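**Q** What follows is the residue order along each chain.
2 protein chains.
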Amino acid sequence: MEVLKVSAKSRSTAVAGAIAGVVREVRRAEVQAIGAGAVNQAVKAVAIARGYLAEDGINAICIPSFTEVSIGEQERTALKLVVEPR
Amino acid sequence: MEVLKVSAKSRSTAVAGAIAGVVREVRRAEVQAIGAGAVNQAVKAVAIARGYLAEDGINAICIPSFTEVSIGEQERTALKLVVEPR
Chain A
1 MEVLKVSAKS
11 RSTAVAGAIA
21 GVVREVRRAE
31 VQAIGAGAVN
41 QAVKAVAIAR
51 GYLAEDGINA
61 ICIPSFTEVS
71 IGEQERTALK
81 LVVEPR
Chain B
1 MEVLKVSAKS
11 RSTAVAGAIA
21 GVVREVRRAE
31 VQAIGAGAVN
41 QAVKAVAIAR
51 GYLAEDGINA
61 ICIPSFTEVS
71 IGEQERTALK
81 LVVEPR
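So the sequences go chain by chain: A and B.
Going by the numbering used here, the first sequence opens with residue 1, and the numbers climb by one from there.
Going by the numbering used here, the second sequence opens with residue 1, and the numbers climb by one from there.
Same shape as in the complex, but just chain A (with noise of 0.2 Å):
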């Protein structure tokens, strides 16, 4: 499955459209986020996202986790946000 990669200098406004639209085609989104700055944009961005979901009648809930990431030859703990409908 395609991860979704979230920056602290993603748009949260962008990264929650892309959530909305990978929910409503496959029904679960993964969001991935190392560090603070990123992983706030991450959650604003699935906020956001819950509402564009409501839309639809979609009730999107949030399940977040660690999972670790290869950078080059460096292991990082990322946060990993999983948004399916409840």
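Among the hints, a few may not be true.
Said to hold, decoys possible - Partial pick of chain A residues on the chain B-facing surface, computed with a CB cut under 10 Å:
hint, residue
1, Ala8
2, Val39
3, Lys44
4, Arg50
5, Gly57
6, Ile61
7, Lys80
8, Glu84
9, Arg86
As the list claims (entries may be wrong) - Within a straight-line C-alpha distance of at most 27 Å, the following computed DSS-like cross-link-like pairs (lysine-lysine) qualify:
hint, chain 1, residue 1, chain 2, residue 2
10, A, Lys9, B, Lys9
11, A, Lys9, A, Lys80
12, A, Lys80, B, Lys80
To be clear, the hints were calculated from the coordinates, so they are not data collected in a lab.
Quantities reported herein were computed from a predicted structural model and do not represent experimental measurements.
Where a beta carbon is used, it is the ideal one built from N, C-alpha and C, also for glycine.
Start from chain A and add chain B according to the hints.
**A** Frame of chain A, contents of chain B only:
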């Protein structure tokens, strides 16, 4: 309902314990965070609390939204994370 207020300096494991305790007792915890550092600690706490609650057979989910809070005379936008059994 009691609101768990998280700051950038909150220990995510301590907040996670509080979230798990409230969800076990009243089936719903409300977490509030203002600013990227606080939101990051709050989401990490929810991810950790999910692990604690899973041990009790509770599959906890998270519902993020925006909320306006007054701090002194200032209006600030906070992120609210509601944690509930799915």
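**Q** Confirm or reject each hint.
**A** Hints and how they fare:
Of the supplied interface hints, the one on Ala8/A holds, with its beta-carbon coming within about 8 Å of a beta-carbon of chain B, less than 10 Å. Annotation: interface hint on Val39/A holds; nearest CB of chain B at approximately 5 Å, less than 10 Å. This hint holds: Lys44/A has a C-beta 7 Å from the nearest C-beta of chain B, less than the 10 Å allowed. For the restraint placing Arg50/A at the interface with chain B, the shortest Cβ-Cβ distance is roughly 7 Å, inside the 10 Å limit, so the hint holds.
The closest approach between the C-beta of Gly57/A and any C-beta of chain B is roughly 16 Å, which is over the 10 Å cut-off, so the hint fails. The restraint placing Ile61/A at the interface with chain B holds, with a minimum CB-CB distance near 4 Å, inside the 10 Å limit. Taking 10 Å as the C-beta contact cut-off toward chain B, the hint placing Lys80/A at the interface holds, the least distance being around 9 Å. At its closest, the beta carbon of Glu84/A sits 9 Å from a beta carbon of chain B; the interface hint therefore holds under the 10 Å criterion.
For Arg86/A, the suggested interface contact is upheld, since its CB lies about 7 Å from the closest CB of chain B, less than 10 Å. For the suggested pair Lys9/A and Lys9/B, the alpha carbons sit about 23 Å apart, so the restraint of at most 27 Å is met. For the hint pairing Lys9/A with Lys80/A, the CA-to-CA distance comes to about 17 Å; that is within 27 Å, so the pair holds. Using a Cα cut-off of 27 Å, the hinted pair Lys80/A and Lys80/B holds, with the two alpha carbons roughly 18 Å apart.
Taken one by one, the earlier hints fail for this structure only at number 5.
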